[in-house]
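Position chain Z relative to chain D; hints supplied.
One-letter residues, chain by chain:
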Amino acid sequence: MELWYTDRHTEDVNFSIKVKRQLASHKSEIQQIDILDTYGFGRVLVLDGDLMITEKDEYIYHEMMTHVPMAVHPNVESVLVVGGGDGGTVRELVKYPDIKEIDLVESDKEVVTLSSIHLPFTACRLRDPRVRMHFEEGLRFVRGKKDAYDLIIVDCPDPYGPAEGLFTREFYGNCCNALKDDGILINQHESPFYAAHQTSVKNAHAHIAIEFPVSTVYQCHIPSYPSGHWLFGFASLKYDPVQDLDADRWNSLGVQTRYYNTDLHRGAFALPNYVKELLNR
Amino acid sequence: MNAQRLNRLAHFDVPGHKGGRMNPELSEYFGKLCTSLDVNSMKALDNLGHPVSVIKDAHALAADAFGADYAFFMVNGTTSAVQTMIWATCGRGEKIILPRNVHRSAINALVVNGAVPVYINPGRDKRLGIPLGMGVGDVQRAIEENPDAKAVLVNNPTYYGVCSDLETIVSVAHAAGMKVLADEAHGTHFYFHDKLPVSGMAAGCDMAAASLHKTGGSLTQSSILLCKDSINPDYVRQIITLTQSTSANYLLLSSLDIARRHLFFHGREAFGKTIAFAEYARDEINRLGGYYAFGPEIVNGDTCFAFDLTKLSVHTRDIGLAGIEVYDLLRDDYGIQIEFGDIGNILAILSAGDRRMDVERLISALAEIKRLHRKDPVGLFDHEYIDPDVAMTPEAAFYAGKTTVPLKDSLGRIAGEFVMSYPPGIPILAPGERVTPDILEHIEFAKAKGCFMTGPQDMNIDNLQVVA
Numbered sequence: 001m002e003l004w005y006t007d008r009h010t011e012d013v014n015f016s017i018k019v020k021r022q023l024a025s026h027k028s029e030i031q032q033i034d035i036l037d038t039y040g041f042g043r044v045l046v047l048d049g050d051l052m053i054t055e056k057d058e059y060i061y062h063e064m065m066t067h068v069p070m071a072v073h074p075n076v077e078s079v080l081v082v083g084g085g086d087g088g089t090v091r092e093l094v095k096y097p098d099i100k101e102i103d104l105v106e107s108d109k110e111v112v113t114l115s116s117i118h119l120p121f122t123a124c125r126l127r128d129p130r131v132r133m134h135f136e137e138g139l140r141f142v143r144g145k146k147d148a149y150d151l152i153i154v155d156c157p158d159p160y161g162p163a164e165g166l167f168t169r170e171f172y173g174n175c176c177n178a179l180k181d182d183g184i185l186i187n188q189h190e191s192p193f194y195a196a197h198q199t200s201v202k203n204a205h206a207h208i209a210i211e212f213p214v215s216t217v218y219q220c221h222i223p224s225y226p227s228g229h230w231l232f233g234f235a236s237l238k239y240d241p242v243q244d245l246d247a248d249r250w251n252s253l254g255v256q257t258r259y260y261n262t263d264l265h266r267g268a269f270a271l272p273n274y275v276k277e278l279l280n281r
Numbered sequence: 001m002n003a004q005r006l007n008r009l010a011h012f013d014v015p016g017h018k019g020g021r022m023n024p025e026l027s028e029y030f031g032k033l034c035t036s037l038d039v040n041s042m043k044a045l046d047n048l049g050h051p052v053s054v055i056k057d058a059h060a061l062a063a064d065a066f067g068a069d070y071a072f073f074m075v076n077g078t079t080s081a082v083q084t085m086i087w088a089t090c091g092r093g094e095k096i097i098l099p100r101n102v103h104r105s106a107i108n109a110l111v112v113n114g115a116v117p118v119y120i121n122p123g124r125d126k127r128l129g130i131p132l133g134m135g136v137g138d139v140q141r142a143i144e145e146n147p148d149a150k151a152v153l154v155n156n157p158t159y160y161g162v163c164s165d166l167e168t169i170v171s172v173a174h175a176a177g178m179k180v181l182a183d184e185a186h187g188t189h190f191y192f193h194d195k196l197p198v199s200g201m202a203a204g205c206d207m208a209a210a211s212l213h214k215t216g217g218s219l220t221q222s223s224i225l226l227c228k229d230s231i232n233p234d235y236v237r238q239i240i241t242l243t244q245s246t247s248a249n250y251l252l253l254s255s256l257d258i259a260r261r262h263l264f265f266h267g268r269e270a271f272g273k274t275i276a277f278a279e280y281a282r283d284e285i286n287r288l289g290g291y292y293a294f295g296p297e298i299v300n301g302d303t304c305f306a307f308d309l310t311k312l313s314v315h316t317r318d319i320g321l322a323g324i325e326v327y328d329l330l331r332d333d334y335g336i337q338i339e340f341g342d343i344g345n346i347l348a349i350l351s352a353g354d355r356r357m358d359v360e361r362l363i364s365a366l367a368e369i370k371r372l373h374r375k376d377p378v379g380l381f382d383h384e385y386i387d388p389d390v391a392m393t394p395e396a397a398f399y400a401g402k403t404t405v406p407l408k409d410s411l412g413r414i415a416g417e418f419v420m421s422y423p424p425g426i427p428i429l430a431p432g433e434r435v436t437p438d439i440l441e442h443i444e445f446a447k448a449k450g451c452f453m454t455g456p457q458d459m460n461i462d463n464l465q466v467v468a
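Read top to bottom, the protein sequences are chains D and Z. Sequential numbering from 1 applies to the first sequence in our numbering. Sequential numbering from 1 applies to the second sequence in our numbering.
There's no promise every hint is true.
As the list claims (entries may be wrong) - Dumping the calculated PhoX-like pairs for lysine-lysine here, alpha-carbon to alpha-carbon at most 25 angstroms:
#, chain 1, residue 1, chain 2, residue 2
1, D, K180, Z, K370
2, D, K27, Z, K273
3, Z, K370, D, K145
4, D, K145, Z, K375
Hints listed in this document are in silico derivations from the structure and should not be mistaken for laboratory results.
Okay, chain D solo, but in the shape it has when bound (with noise of 0.2 angstroms):
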C-alpha cells in the first residue's frame, strides 16, 4: 500500500512525497499541525496542510535567513525571531557566542511542544539560556519594542493564513521601530516564479521598501519549497548586504554550515531579471 502526502503549489501544479508513517496529527486553537515521516525528504511539518520544513532540506532555509545577516552586522547582540516554533533558525542563531538574548514570539506553543518531541534536528537548541520563548501574536509583541533589537528575522508560514499579519505594511513598520538604529531585517519573502504568490511578493516589498533605506532580497534553491526558487528579503537601517559583507571575520569565527559559505553569499544577490523587473528594481 502507499500512502502519498500532497502539497498544494499552485491550483495547477502539486507536490507529492510518500509517507512511512504519520507521528503527529493535532489541531491546536490556530491550526492544524501535522508530522509525517517520508521516504523522500525525511521527517516533514505540515501546518494547515501547507509544507512547512522538510529534513532532508530544512538547513538551507534556516542558515540562509540566520547568517546572511549574521557575516553583514557586527555586533548582533540581541535577536528577535517571529514564528520559527520549529527552531530551526534559533539553532543557527546559538552557534555565535557573542548573542546574548534570542526572544522566540510563536503565536502557537502546539507547534513548540511538537517540535520539540518529533523534530529534533530543528527543536534541539530550543533550551539554550539564552532563548526566551513567547508565546503570543507576532503582531502584538513586537508593537510594544522600540530600539531592542539588532536583529529581526520573520521566520513564518504563507500570507494565506494565520501569518497573514505578518506581511502587512503596520508589521514591518512596527519592526522598524524595534530596532536599533543599525538593524537588519530578514524575512521570507516567497517564490517570485509562480503568479499566485507574485502579488503577495510585491507588495510585501513595497511595504518594507517605504520604512527602509536598504531594501532588497536574496535567494535560494529550497527543492521542497513550490518551484525551488525560493527568496529572503533583507532590509537594514544602515548596512548593504555585500559591500559590508565581512567575509573573513565571519569566516574566523568557524561556524560550522552545510550550505552557506561567504562565497554564495555574494552570489545570492545576484537576482535574474525576472525578479528585478516583478520587485521594479
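Just chain Z now, with coordinates in the frame of chain D:
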C-alpha cells in the same frame, strides 16, 4: 427556499435571469447557488406585502426571539423601519419628540409626511466632543411643553454606543399618552447578551427598528421592525407597503431568517466573544498612549446612561489627527477599512466574525499612524454637535420656493436641504434650520479634513438651496 430550489420548477415568472442562465457572468461571479436562490414571490414562498404562510411564520419566530409581539422583515434597511415607525404614529402637523442627533432617515420621514419635530439637544461629552443621549429631565420638559406630541423617538444606542435611560423615558412618555420608538440601528445585539444595555422591547418601547445587517449577521440592507401590541400591526403593514418594493429580495429575507436563528441559539456566545475583543482592543489601544479608546467609564447616569461594550470607539484628537484622517490613513496605507472617522473620533465595528489577527492588525496600524503622523493638536475642531436653530418644519422648507446661494453666503438663511457627513449620516444642517456661523465652520472643517459629505443638490457642497 431550499425545497423550492430542489423542486426544479420551470420558471416563466420574474426574475428573467432564470437562475443565472440568461447572464452567465452573473452566476459565475455570485455562484450558481446564489443565483438559483434569487426568486420572486410565489405561493410556496409567500409575499412580504401580505404574509400568510412561510414569511408569517418567520415573522412570528423573529418576534419571539426578540421579545416582541410582532416583527416585520424589512428589505430597505433600517431607514425603512425608522420611517415606518414615524409614519405609523404621527401624521401631518403632529409633533414628535426626538434628539437632534438622529440618522437622516428620521428627518427624511418628516420631510415626506409633514410631521413636526420637537428637538431635544443631546448631552455632550466635553473631552470627546461627541453628542450623548437625551437627559430624562430634558425629555420630561419637552413632554410637558408639548402634551399633544404623539411619540418620542430614542437612539438606542447612538452611533458611538451611548444609551439614554430608556426605561424611565418609556414610563414618562407612556404616562403622557405618547408612544416610544427606538432607533436600534446599532443595537440588534442588545437583545442577546445581558452585559449590554437594555433593548427597546425589554424597556417597554412600542416599536423598535434594528439593523440585523449591522451586528446581527444578515445581509446588508436587511433589517427588522419590532412592535408591541400597543400598535396595530395591520396598520403598520399598510404603512410599510406604502413605499416597500413589491419585489422584495428573497436573499435578504432568507438571510434575516438565518440570522434570527443564529442569534437565538448562538447570539450570547457570539456577543460574549465580541465584548471580549472590544475590551482587549480598548486596553491595548489605551496602552499605546495618545489615543483614548473610551468605554463604560463615560457613563454618567443620565445622558450617558449605558454604554455598548461591543463598540470600539477611539478618540484621536490628542495625537493631532482628526478621526477622518486616521480613517483615511488606515484604509489607504494599511488596507484596513473601519466604520467611520469624524472630527475627533474613529469607530471600528467588531463582531464574532473577526479573527484575533485582524484585531492585532488594527492596533498595530494605529501604533504606526501615531509614530509616523502625529501632530500638534492645535486647530482641531472640538465638537460634533451643534444646537439647531429651527425656523420651519422640514416638509415646509424642503418643498418651499428655493434659491441657490454659495454656502459661504448662506449665513442666516433657512436651509432647504440637508448637509451631513456620511457616515454617520447625522445631519449637520436640516431643511427648516437656519445657517449659523458654527454650522459653516463645521462644514468647512469637515470638507478640509476629507469627510465624505452629502445632502445638497450641489455635489461639491459649494452651494446651498435656501428658502427664498
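Checked hints:
1. The suggested pairing of D/K180 with Z/K370 holds, with an alpha-carbon distance near 19 angstroms, which does not exceed 25 angstroms.
2. Annotation: proposed proximity of D/K27 to Z/K273 holds, straight-line Cα distance about 21 angstroms (limit 25 angstroms).
3. Between Z/K370 and D/K145, the direct Cα distance comes to roughly 15 angstroms. Compliance with the 25 angstroms bound is thereby established for this hinted pair.
4. The straight-line distance between the Cα atoms of D/K145 and Z/K375 is roughly 22 angstroms, inside the 25 angstroms bound, and the hint therefore holds.
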